[in-house]
Amino acid sequence: MAAVACRGAAPPAPARAQRIVSLVPAVTEMLYAVGAGPQVVGVSSYDHFPPEVETLPKVGALIDPDTERILSLRPDLVVVYGSQTDVEARFKKAGIQTFNYRHGATDAILGTLDTITALGSATGHEAQAREVVVRITTGLDRVRMRVAGLTRPRTMLVIGRLPGTMQGLFVAGGSGFLNEMLETAGGQNVFEDVKRESVQPSSETLLRRAPDVLIELRASQPAGDYQAGDLEVWNTLASIPAVRDHRVHVLVGDLVVVAGPRLAEGAEAIARTLHPDAFK
Amino acid sequence: MTPESSTYLVAHEVSYAYPRRGRSGGLAALSGVSLGVARGSFTGLLGPNGCGKTTLLKLMAGVLRPSNGTVTFQGRVLADMPRRAAARHMAVVPQDTHPAFDYTALEIVLMGRHPHLRPTQLEGPGDLAIARESLESTGTLHLAHRPFTSLSGGERQRVVIASALAQQPEVLLLDEPTASLDLGYQLEVASLLRRLSREHDVTMVMATHDLNLAASMCDALALLRDGRLLRHGLTADVLTAGSVRELYDVEADVHFHQAAGHLTVTPVRRAG
Amino acid sequence: MMTDGTIQTAISASLTPLRPIRTRLALTVAGFGALTLLTCVVAPLIGSSSINLRRAFDSSIPFAGNVDAQILFIARLPRVLAGALVGAALASSGVVFQALLRNPLATPFTLGVSAGASLGAMLVIILGGTLAVGPWSPVPAASLAGAGLAAAIVYALANGPRRVMSTTVLLLAGVTLNAFFSALIVFVQYLANFAEVARAARWLMGDLDVGGFDPILAALPLVIVAALIFVRLPAALNLMGVDPDSASSRGVNVASTQRWAFFSASLATSAAVALAGPIGFIGIVVPHLVRLLVGVDHRIVLPASALFGATFLVACDLLARTLLAPVEIPVGVVTAIIGGPFFLWLLVREG
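Protein chains in written order, with the numbering used here: chain A, 1144 to 1423; chain B, 43 to 314; chain C, 3 to 353.
Treat each hint with caution, since some may be false.
Said to hold, decoys possible - What the simulated footprint calls covered on chain C by chain B, stretch by stretch (three residues with Cβ under 8 Å from a Cβ of chain B suffice, anywhere in the stretch; the number is not a length):
#1 101–114
#2 231–241
#3 290–299
None of these hints come from the bench; they were simulated from the model.
Quick caveat: nothing in here was measured; it's all calculated off a predicted structure.
C-beta atoms are modelled at their ideal positions from N, C-alpha and C, and glycine is treated no differently.
Whole structure, please, built from the sequences with the hints as guidance.
Right under this line is the structure:
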């Protein structure tokens, strides 16, 4: 099932969007990947990739889109989140096409590929979009082949944690994009059975689930010497195999967490962490 | 002023100004008042609203410190005495009491033992016996376990007086103890005070609006107006039609009431 | 001395049923103490999974490889102890704040201490400070600093020229500061990205899963200092609860009592919030339940509330970690779900 839908008031023979505002960083990345970058005239305040977006007007984001600012950019396509229904309605009223993006809880990777295809046709870059999709698919297949037949380590993906403590822990649950990435990379999510996108486990649950590998995903690296000491907090939970066997890793950057064109690279980064020998 | 009064409870040229937030100076409530209270006497403080009665009472209790001048008790400067030590000698009965918590009457009375106990010391059988005596002498023993807030106005005031008695004070300072009571309770509390004053050798100072109450109970009166002491002396000498006019701008008929056994004041009209 | 023969004999018996304060205090502390002890012994034995106690205490298995021992000594025991410490600190500072403000509906958070703590924590979670202070990791350190700032502001505002604090000014300053800090928190969250906001929101729900004894040991000295001050307060708080002026005339140094009460209750609250986040309702539910059971004398209410607060929070946390396992309910949500309706019932009952 496609988790992403293009629901604009687009006529059957779609007008190629020439002026696009994207409120969704993942979609911005996809637009650039399919070659629609020059058509992008505004992005969300969270957009930092590709580097070109830094010079574009920032028009707010999920909770605070600046409608006036967006309208002044005279867009013919606005990319919104699935939950931004009131914003969507506002642009429709203004006669502007919208593209509604939703994270899928199931088949998230497929959904991303579908989104890229749909963006290609909405912007007149069908061929390039197909190329991107094929490149991602083959990239994912390459990762799958590398890890095929290898023991799938029981892994925990940590999305968030209060620095210096074991508190405020958010980890990837058994559904959604990160879970699929982990499976593709040859890992088994220790929270596979908890069908949520994220879980906030207690230390008892951590000890009980006993992951073999622990990967912390961080958008950016904390400054200074703190980082080394910060990982040491895991040493408290010495009976966790990942801690015992020194398999606590940090992946820095948005490569892994953005469901966009770089997801094959993200999957590979996880795979390399889980199965370093397979990539020698 | 008797020689003894000058060594018992004495205000020497006291002034007090209520501080105001963020401003220098303040609201003058009392200026240059000198007043001696004789041991065992019952002194009334009279005057119109805002004349400084309550302030003078609080200064004499050591609850407030004078801005100028001193209050001495048995020759010692009150402001230099620790609060606890002063409270072993003098107790205050406020006009009314609104506890924030649902204490029982007994709990309120036992709190009167506070100055006699160390901060973490719990009251013992001796303290309980004193509390019982205080409840008995104010006729409130049967109310001991009732929540204070469930009592009537008169009962509350008697319990508060019992609490002050449990302090075993030599001086009792009363701030309009009957003002918030209806006539029946007023008489009840008044007769209680009269009895306590007579039987227990407690020196009483009472601020009041009620001229007849003052006439019936007080040996001496101090008249205050606009923060200054107008007159101070024996009740019979001080309570005159002229004084009432001076204090309240009211023409009044002051005469001795045979049945009541004391001076009575009947206001006639506002003075022109 | 004072006698009134007419009623004395008839009623003197009425004081007999009353147990002296010593006995009542001893009975209360023994009763609530036993309950606390029982909770703290039983709670570590129950969890989202079951553990083998014999294995947990088997010293022949190295600790690093003993999951049962690790669950008991890292996941559960610190959690129970943190719950007991935080519960005791919040409940007893609730009692002290209620007496200080002469308002039974005051909470440890009324004067803005927790809002200040939350702002500090938010700043570190969202702006990513990394400065650990002594035994405190960055978030608790910042929340401690925020709590101190809030307390200092309220204190400076309420400490008038008469040196006796105005409870009205205290309350108004606290309410205003709460609103002001909340606005700053919203603003800081607004500037943050989703993951940070989620973590920040999680912190605000309270969490006792401190993952070891170190954070507890960091908070403990502050709570002990507060407790040592608490011990000297109750008699004076009783009198101030009757009337501040008459308290003064009964020998209480009102200004100094207020200052010590404010300082100690703020200290205990700050330590509790820094350790476990702003867990609500403990500071009001527990003192009121205790008053229903043992009366309003602060000399009994204060220790009883500390003990019962410990029991109550440990029990709430037990529910939090087992009810929906392996998913947890934030403990602040559990206390609020129990405390909210109770608080409303209280309002209706007292109004």
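Hint check results:
Counting residues of the stretch 101–114 of chain C whose beta carbon lies closer than 8 Å to any beta carbon of chain B gives 4, which reaches the threshold of three, so the coverage claim holds. Requiring three or more residues with a Cβ within less than 8 Å of a Cβ of chain B, the coverage given for the stretch 231–241 of chain C holds, as 6 such residues are present. For the stretch 290–299 of chain C, the stated coverage by chain B holds: 4 residues have a C-beta nearer than 8 Å to a C-beta of that chain, and at least 3 were required.
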